[in-house]
Structures are given as structure tokens and as C-alpha cells.
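Peer 1: Below are the chains, spelled out letter by letter.
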Amino acid sequence: MKKRATQYANAASEDRARMQPLTFLQRVQRWLGFDIARTQYRYGKDARFGYISESRIADTWTKTTCGYCSVGCGMLVGTRNGRPVAARGNPDHPVNLGKLCPKGLSEHLMIEAAGRATTPMLRRGGRGAPLEPISWDEALEVMVSRIGSIQERFGNDSLGVISTGQLVTEEFYTLGKLVQLGFRSRNYDGNTTLCMASAVSGYKLSFGSDGPPGSYADMETADVVLLIGANIADNHPILCNRLRKKPGQVLVVVDPRVTKTAMMADLHLPVKPRSDIALINGIAHILLRDGLVDREYIREHVEGLEEFVSFVADYTPEAVSATTGLTVETVEKVARLYGEAKSAFIGWTMGVNHSTQGAHTVAAINNLAMITGNIGRTGSAPFSITGQCNAMGSRETSFTSALPGYRKFDNAEDRKALADLWKIDEEELPTARGLAYPDIIEAAVKKQVKAIWIIATNPVVSFPNLNLLKQAFETTEFVVVQDGFYPTPTMDYADLVLPAAIWGEKEGTYTNSERRISKVNAFATPPGEARSDFDIFLALAERLGVKDRLFPGWSSTLDAWLEWQKVSAGRMCDYSQFSWQQIEDEGGKQWGGERLYGDGQFPRENGRALLHCVPCLPFVEQPNTEFDLILNTGRTVEHWHTRTKTGAVAMLDAMSPNAWLEMNPADADRLSLRQHDRVTVRSRRAYVRDVELRITGIVAPGQVFMPFHFAEQNSNLVTLGAFDPISREPNFKQCAVRVERSALK
Amino acid sequence: MALPLQERAMETDSAELVRLTLVEGGAAPSLVNALIPSRPLEAGEQYRFHFDMTKCIGCRSCEIACNEQNGNPADIKWRRVGELEGGIYPNVMRTYLSMGCNHCLTADCLRGCPVDAYSKDPITGIVLHSAEACIGCQYCVWNCPYSVPQFNPERGVVGKCDMCRERLLDNREPACVNACPENAIQIESVNKNEWTAEHSLADSPGMPPSGQTVSTTRITLPEKSSVTWLDRVDTGSIALEHAHPSLVVMTSAMQAAFGLLCGLLLDRELSAVSLTLLLFVTVIAINISIFHLGRPAYAWRALKMWKRSWLSREVLCFTLFLVTLTVSTGVAWASLLRPALESAVTPLALVAAMIGLAGTLASARIYLVKARPAWNMMHTPLDFVLSAFLMAGPVMAVMQAPAVWLATRLQAVGLAVALPHVAPHPRAVALAAILWIANQITRIARLRGSANFERHASYNHLRGEQLWWKVALSWICAIQAVLFLLAPMPWLSLAAVSAAVLLNRYLFFVSVVPLSMGLTFSSGSHGRAAS
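Sequences listed follow chains X and E, in order. Each residue of the first sequence is one higher than the one before, starting from 1 at the first, in this note's numbering. Each residue of the second sequence is one higher than the one before, starting from 746 at the first, in this note's numbering.
Worth double-checking, as some hints may not be accurate.
If you want the ones that stay clear, here's a sample from chain E, every Cβ over 12 Å from chain X, calculated [stated by the list, open to error]:
| hint | residue |
| --- | --- |
| 1 | K800 |
| 2 | N812 |
| 3 | V902 |
| 4 | G1075 |
| 5 | F1254 |
Think about it this way: if two alpha-carbon atoms lie no more than 20 Å apart in a straight line, the pair counts; the simulated SDA-like pairs of lysine to any residue are [to be verified]:
| hint | chain 1 | residue 1 | chain 2 | residue 2 |
| --- | --- | --- | --- | --- |
| 6 | X | K45 | E | N916 |
| 7 | E | K800 | X | K45 |
| 8 | E | K800 | X | M264 |
So the derived list for chain X, only partly shown, Cβ under 10 Å to chain E, looks like this [as the list claims (entries may be wrong)]:
| hint | residue |
| --- | --- |
| 9 | A12 |
| 10 | R16 |
| 11 | D35 |
| 12 | L181 |
| 13 | K246 |
| 14 | R635 |
Treat the hints as calculated values from the structure; they're not laboratory data. Ideal placement from N, C-alpha and C gives every residue a C-beta, glycine not left out.
All chains should be built: construct the whole structure from the sequences, respecting the hints.
Peer 2: Spelled out as C-alpha cells, the structure:
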């Protein structure tokens, strides 16, 4: 991605000097030093936040919710004369109490950064020709007619739609109806499948429904917090201040890499890659062996114990020690800590989810909570910390892996209820989910999916095994990319580009990891001709002739909210209790209250949670002599996903300007590599070159780590296209590579 | 003037009231635990930062908050976060340093400033910098052992952390304190005398020793066993420093002028014509020097702090040098009409030469700063004086032709000008060249052998792929200058000697590795991207 010129507040000093239109006289004055840019560097007093650079003084503060991760921090964005000038944590918001991470603190700079998509564009001359600006009218016409003709020839399901976790809930709700009932394709999924699908599936396996049962507050009150594959210090920094607050609380972090979070821990368990299941089963073994379980809870609320007991019998501390690389004493100690705690909290993120066994690993984690009764109580939960700001909103409303409101495709009652609410024929509702994200891509390669519509995501950087994705784009007849930024790497493959509004330019709600629905407000207007995703969806519905049927009288996201309230009423994720205003005033409201399952009743047929027997299998692509290192991928605090946003904020970009590869000194010695060498990472599939080597003891010998944010050094060229059979989540975390010094260009 | 904070604290017992962090300020009371002092400063105390390394998670919110607070450009950071690392997997530790200004008790930035732009706030002890007074000479940048002051090319002046003094006056905490989600940064009061006597709590891996300037920042380190492991991670990517081209030319040209004057004195060749040409070289050199400043129009202010700042003294000496030289030249011309004046020329020129020597040494003294170890060696003044002598020969050789030409023109109009005979002594020049090169070689050898990280890093710069051939070239040019002089090819000799001295001076500026806090692994690539 080329460095982009940008607005004054977001520029380096030399650029600032250049970007001001000065007269000759002013130039001379500046050069002689009479003019030291006093106006630009003047301070003043903001009525609310006090003494500060005058450039950051706002005339209006808008309450909103951060648009990056799923922590869901409350924000105040300051605008002056309608333009964003400052971002602050909202001191009254219960999630963050006024604090923000560096991405949030600079989020206002992203709105006016260069590189925004401002006009629809069409590759009029076909593939290989440049994208040309066109009118919205033509864009919508082309989209509807091209997709229509493809669907006519190849069937409705030849359209694949891949959305995001970035839209507001109201937009997800609208999009789901539009795709499934308007375009009539079932092949609709979100990039949330690359992120937290395993958590969804795992919760369903154990409890019968999705829904993280705990709250952030539980991280504060728990006696023991066990974080598995969760580097929250880099990825969810504002959650860290929940930890280390309660005297005597023990923080245990399970991660093969000594992450920032691992360094916060009282006890770090440097497990071998994908041996977490063995550890979890081993803990269960010890808990059962030593009677550190809640017999009564199990008797009342859990099923499958007998089978489970005999299954984990094999996971003796010795066996677990051999699999995980931990000592027997450590395994015993952790099990005791967890079992003896009055309240124990388990949090996880992508270390668990990004796995071919992701859904089952989540079920294994849930097992621990179930046998100790650490669920539905203060300080106790098996808790999935989600990725994107509104991944949860999409989980609940989006009509991808479930019908809206956690309804099941294969449940006739659910289908009937929904059809009645929507006043449509029940037959219109599909009885099974369509293809998941990776299967849409595979179907495109197989020429079953012929048109792809991508909304607010950037698969060319984020999808594993990039070369297969490229092939999918090449075999697809028509690719539409709808995004707030232009160009994004994915737009290289777009036939049509639709410019969308982003965070800060639209109104609605986000739901965070703890099920807290928070208000998102607009404080800026979209650039050029960009339209909100909601408006684009309605315009498409209009063209398809389904607007009156699906979205009667709708004009704003509030209409979608009101209908969604009715659709979710009485469901587990019940949004009908709160109004927009209430959510905004009270710093968000949690559906389901602070905790789910307080009564021990689970949404399974017999009301009991189910113990699963989860074997610890070796990960798919084991290293060998040719590809002798295990590549792990992840994030850094300065960047968000594929950097379309954070790459546009000059300070964040400068803090972490390029990808790097972490390697243990022992491996570097063996390969005769030196600090800062430019290396090539090669897997069986492809290679990524020119990656800066960082020799560090925080990764184990035999393992290497690379951040996945960078299009320029794209880790997903080499990652593995293997997917969880249940959740369809990719196995981003382990693949076999070798590393060599990059040849000079 | 007492701070409102102090006044309030004196009026009431309420700890709540005197706490700076307000809910409206961005941090709720429930999150805040004594981020600022809860009692007023007592006599002999000042404010300081406390950084708790055990709390910091390296999120870098403080850096963003600081830039937002001060409206600074993306490449200038008054608060910087660095990384430290050590140990063997899995017993490794990576910790972070977050540092603004240390508001030192004996601040070197303040002592070196030629225009008194720095002050130590009598109430709070904060080291303040005035953009209005600053002329952008950047001497403070060289003096600070933490590389805290940063030059902003857009403004032409330096800027630095002022602990958000105006926010403190307003009962609010500094922006970084406010932003830190882990409350790892706090403001405390410290007794200055006690701290001067015992300031080991300011020391940390990745930080220069606190004793040099008595840094006031208190740093809470992780438990001792692990601290011994911790080390900087930015050492493999230290970027070259700014080349300061105007200083390269100015110092070289001033030394040439001084050397030339010495040569003319030794040669007893103080004719009006030679002196005029010398004056010409001097005027050019002095004018070039002001281009180094961010605010050339205020160059005159640099004279202000001659009692304290070596930069002021250099400016003063060279100004006096110019004045005496002008007088000498004037007298030399006047003596053409009134021969009686001729006897005054040599004493005047001698005075000028003495002042020139003082100026050259003052100029060298500027670079003898503790914060730049590779400069802070006897080789710097030696180099400055030897460069003067080295350049004198070829310059004199070149002057011969125009001096004779000018003299004959003047004779033609009837002035009684003697034909000048400006001839350097090749042996003296050869000796100067040998000594000059020997000085460089010794310096580099000492840098190489040095246990001091910064000096050795300077050596690594000099032998690195970007610079090694420039080092070699400068020595070759010095030898070539002597050979050309013997040839005799004076113009080529001048070109060679200029190349030698300018290249060497360029290397002097770019290869120095300043004392600094340890930064992040990527900070070097950032530096490269910014430059």
C-alpha cells in the first residue's frame, strides 16, 4: 500500500510544511523564522477537556462506540464546524471508563484520511482494464442486472455474499433479509467466520445456543482468570485493566508465544502449538480425580458425565505433560488453582478459534466450566472475547449461520415464527444454512458460485492461502466490492466498486463481546458520493423490486432497529427491552443481563448442557525437514486487521510500519540469520518475501510468528487453507514453513 | 504564584478535591488511584513523573495522547515508548519504557541553550522551553542524554514535553497520565536535595545513567532477578543522525579562514590583497552558519548566553574574529596611503588569530557533550585545529594567482601595492595531512575498542556499508591534496582538501550515536522512513 498524503492533523512535519498554501512573502517569513506556525500550534481551552492544542478543541461532542475491536469502548468524538478533531474515551461508559487504546485515540483522524472511496467505479473495459468512475444509478443497475443474469443462468445460489463484522446491527439485519429473501441466495457469510465462528459453534455444541455467558466484570471479580490463546494486551488492550485489580487474583495465560499478555500473567504456560486441548482435558482429569468438581451442578444441569469421565481418564498429568511440554507439577498446579477457585473465568480468542478443532476446543473449555459450575455466577464464565466491533451483532441478526434471533434453520417452529413476523410464506425461508465463507470461495473455484459481493472486508489480505482466493476471483464472472476505502487490495479483483460510509458517518448499534448493545452515532458526512451501507442495501432492494415487501416504508436504520426488536423479542438475544436513547444514555445495555444461564437452564431440548469428549489431534500441517518451522500469525496493538484504517493514521503507521518475523535465537543461529535481515517465509503453497527478521526469545525454538496486517508482506500467502469441519474457521495459527534470507531484488 | 492545586489543597482536607483527575477529564475516579500528588508541593520540592514498568502493557496510548494534546506532527513524539527484552524462552521478559521529559535537576538542555529559551519553572520544577525565544540551533537536542527535545522543521524551533503544565495549573492531569489504561504514569512530588543525593530510582535498563543530569523520573522496575536480563532492542537499527550540511560547510570554512590567517602570519604575507581574500572567505563562512538555524533572522540572539553556553561563545568569538579581521584589512588598505599604519597590521592580525583559535576551540567545545560520546573526545578539537592547518596550504597556493592579479591591477592605478607571495610550505602541509589522518585513525580505533555502547555504535556506522568508503575517500583526498600541491596543481589540491575535510565533517555528524532511551524494534525503520 502506498503511503497516503493526508490532512494536516495526521501529517508528518515535512508534509505539513508542504501542504500549506503559502504566498511568497509567507514563505520568506517562514524561512527566516519570523513565522513559526504559531496559529497551528496554539493552545486553547476546551470547555470539557481543558487545556489542549487549539486544533483539538471541539464545538460538539458526539457519544458513540469505537469501531475497531469488540471490547466496545464508549467514545466521545469532538467535531468543530462539522469536522472531526478529537477522540476521547467516554468516562461514563461502563466498558472503558474513559480509557482508549491508541487506535481509538486516533480514530477521528481516520475519517478524513486520504484513500476513502468516493464514487462508484466500474471496470468497463473488462478484467485488466482500469476501474472508471460511474454514477450510482449505473452502478446499481449494473449490479442488479449482472447478478440477475448470472442467477438466471446458474441458479440463485450462484451469488456468494461475504460481509463483515464492521456494519451496524441494523445493517446486518437488513443485509440478511436482502440476500436471503431479495437476491434469494443462501450462500451468504461474514468474515466473522475467519474470526469467531468456532466460538459460536462451540457454544452451540455445549449449551445449545450461541451467546457468551459472562461479562467483563467477571474478569475483575474472578479468583482465577485463565486466558487461552488470547493476547488481549495487543488485541483488546482496554480489557487488561480488569485484571490485576482484585488482590489475590491469579492470572494464568496459556500461549505458545510469550506475548504481552503472557508477561502480565502470574503463571504463563508455554504450551506446544495446539496442545491446549490436552491441557484442558488434563485439568478435567485432575479435577475429577481430586473431586474438585461441583457434583450438584453436574447432577442438575449437565449431561454426558459418564462418557466424559472415561474419556479424560487417558489424560493423565504425565500424558498431558508429554503433549504440552509443561511439567507435571505445572499441570497439577493449574488444575488445583482452577478447581479450588471460588470463581474461575476462562477467556479465549483466536489461539483457540483459528483452528481446525476450534469448535471442539471451545466445547472442551466449556466442559471445565460445566463440571466446576463456573458458569452463570459472578466471576465465572467460559468467555469468548470476540474480534470485530460488531461481530456479535452479526452473530445475532445476520441470517448467515443461523436465522435472525438465534433461530435454527432446521427448526420448523423457528421458521414459522419468523415467517409470521415477516409476513412471508414459510417456504421462502431456507431449511439449512448456505455455504460458509471458505466454501463460497471453493465453490467459486469450482465455478458453482459465479458472482461475489464483498462488503467491508479485505480478503486479499485476510483470507488464508491467498492463491486459491485469487483463482476464485479469476473464475468468478462478477465481483462487487463495497468498502469505505479505495483502493483496497481486494479491489484489484473488483469489477464494480461501491463506495460506502464508515464508522462515524452512520447511526445504529454495535454489540460487544459481553453482549452489550451500544449506540453508534454519526458525526461526519460520507465523502463524495459514498453512501451508508444501509442506503445501498435499500437502493438494491428497490431495484430488485422487493423493498416494499421486505422493508416497507423503511428510510433509516431506526426502522431496521424497530423491526429487529420485534424479531428478537422473547429470544435469548432480546433487543426489545431497550430503546436507542436508553442505550445511548446508559452506556449500553447487555441483552440477557450481566450473565446467561444463572438458572442452570440451557437452550437444549432437555435443558442440560452437554459434555463433549474432545480428542487432542495433531495440527494438520506438521513441520518436516523441508519445512521445519511452525508459523503462527497474529496482531499488533497499533494496527487493525488489514490496515485499510490504521494504515491511514500516520502515527500508527509509523509505529509499526512493516511486518516482521519473530524467530528464536537458536533457529537464527542455525540458519545464520541476523537481526533485521530481510527474509523469505516459504510454505508448500507460496512464499512471502522481504520480511524483517526479529530475533527474540519470546517465540519458542522451532516456531516463528508473523503479524497478519500487512498487504505488502502478506502472511496469508503462506497460511494453510484448512478449516474447522463444524465452524468452517481457517487454521491460521499453525502451518509448516521454512525461512531463508531474501535474495536482493 | 501558587498553583490552584496547592491553594485548594491548603484550604481543604479533601483528597478528592485536590486530585487532578476529573471525571470530565477522561478518567473516572474508580479507575484512578493517586495519579497526581494529593498534597501541595513543599519547599524544596518539584513535580516529577513516576513510570511503573510493572504496569505498562506497551499499548502506546500515551504517545498518541501526547501528540493529540500538543497538536504535534506524526513524526515528532514528545513522549516515546521503548521496548526492553531479555531471557531465554520461555523465561523471557519484554517490558516497556514510556518517557516524556525527565525534568532534570541539572538539565543540560538548559545549560547549553545560547538564547535562554529554557527555564526551570520555579514553582513546579518543570523544564520549560519557549518556542518564541528559540532560534532552532538544536544545541539542546545534542545536549540532552535522553534525546528529549525534538526539532520541528515546520516551525524551525525545538519542542519538548512540559508535563502539560497548563493542565496541571488547571487541576487536570497530563495527557499521558490521563490516557494510560493501566495507570502506569503518575505525577509525584520529590524533594530536590534528597533526590540529588540519592537518585538511583531514576535508573533503568535502556536509560542512560541518571546521574549526568539528575533525571527526576522515578521508574518502578520488575523484580531484580529479571531486570538484569533486560536490554534495548533497537540497537540493531540505529539510524544515521542528521548531516547538518550547513554546519559541515560552516565549520570547515571557518577553520579554513583561521588556518589561512595563521599561514599568512607565518608567511609574513599580510598584504591588503591577501587579507581581503581572507575576509571574503570568513564572511561567506559566517553567513552559511546561520542557515543551520531554524530561524536565521534571529541569529543575533545567539550571543545572549555567552556567560554559560559554548555556542554563544563560539558565535561571540567568530564575530570578534570577523571584526578584528575587518579592522586589520582596513588598516592594511589604509597603510597604502599612510605607510605609518603598516606596523599595526601584524599585531592586529595576531589578535585576530588568537581570537580565531579561541573560536575554533569554542566551536569544538560545542561538540564535547556527554550525550554524544563519539564527539566527546580530544579528537574533536584536534581535528578542528588540524583541519585548519591542512586547508591553509592549498588555499594559500590557490590565492597566489588572484592575489598577484589584483595587486598588478592596483599597481596599474598607482597604488603602492607589493606583489604578494603566498606560498605554502609543502612539508608543513604534508605534516598537517599526516597528523590529520593519524587523528582520524586513532579516533576510529578508539571507537572500535570502546566498551561504551554509543561509541562502538558510531564505529559500526563508520565501518558500515553506507559510510566505510566515504571514510577511505576522505583519507585518500587528504593525501591527494598534498600530492597535487607538490605537482603543483593548486586548484586540484584545494578541491581534494575540501573534499577530505567536508567528507570527514559529514561523517562526524552522521555517525554520532546519541545517548537516548531504548526505543522500539521498529523505531529504526521509522527513522529511515522519516528521513
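Peer 1: Now look at each hint and say whether the structure bears it out.
Peer 2: Results for each hint:
1. K800: Non-interface label on K800 of chain E violated, nearest chain X Cβ at 8 Å vs cutoff 12 Å.
2. N812: violated, 6 Å
3. V902: violated, 5 Å
4. G1075: At roughly 30 Å from the nearest Cβ of chain X, G1075 of chain E sits farther out than 12 Å, so the non-interface label holds.
5. F1254: Correct as stated: the minimum Cβ-Cβ distance to chain X is 19 Å, above 12 Å.
6. X:K45 with E:N916: Holds, at about 13 Å.
7. E:K800 with X:K45: violated, 31 Å
8. E:K800 with X:M264: holds, 8 Å
9. A12: For A12 of chain X, the interface hint holds, since the closest Cβ of chain E sits about 4 Å away, which is under 10 Å.
10. R16: holds, 5 Å
11. D35: holds, 8 Å
12. L181: violated, 44 Å
13. K246: Interface hint status for K246 of chain X: violated (14 Å vs cutoff 10 Å).
14. R635: violated, 13 Å
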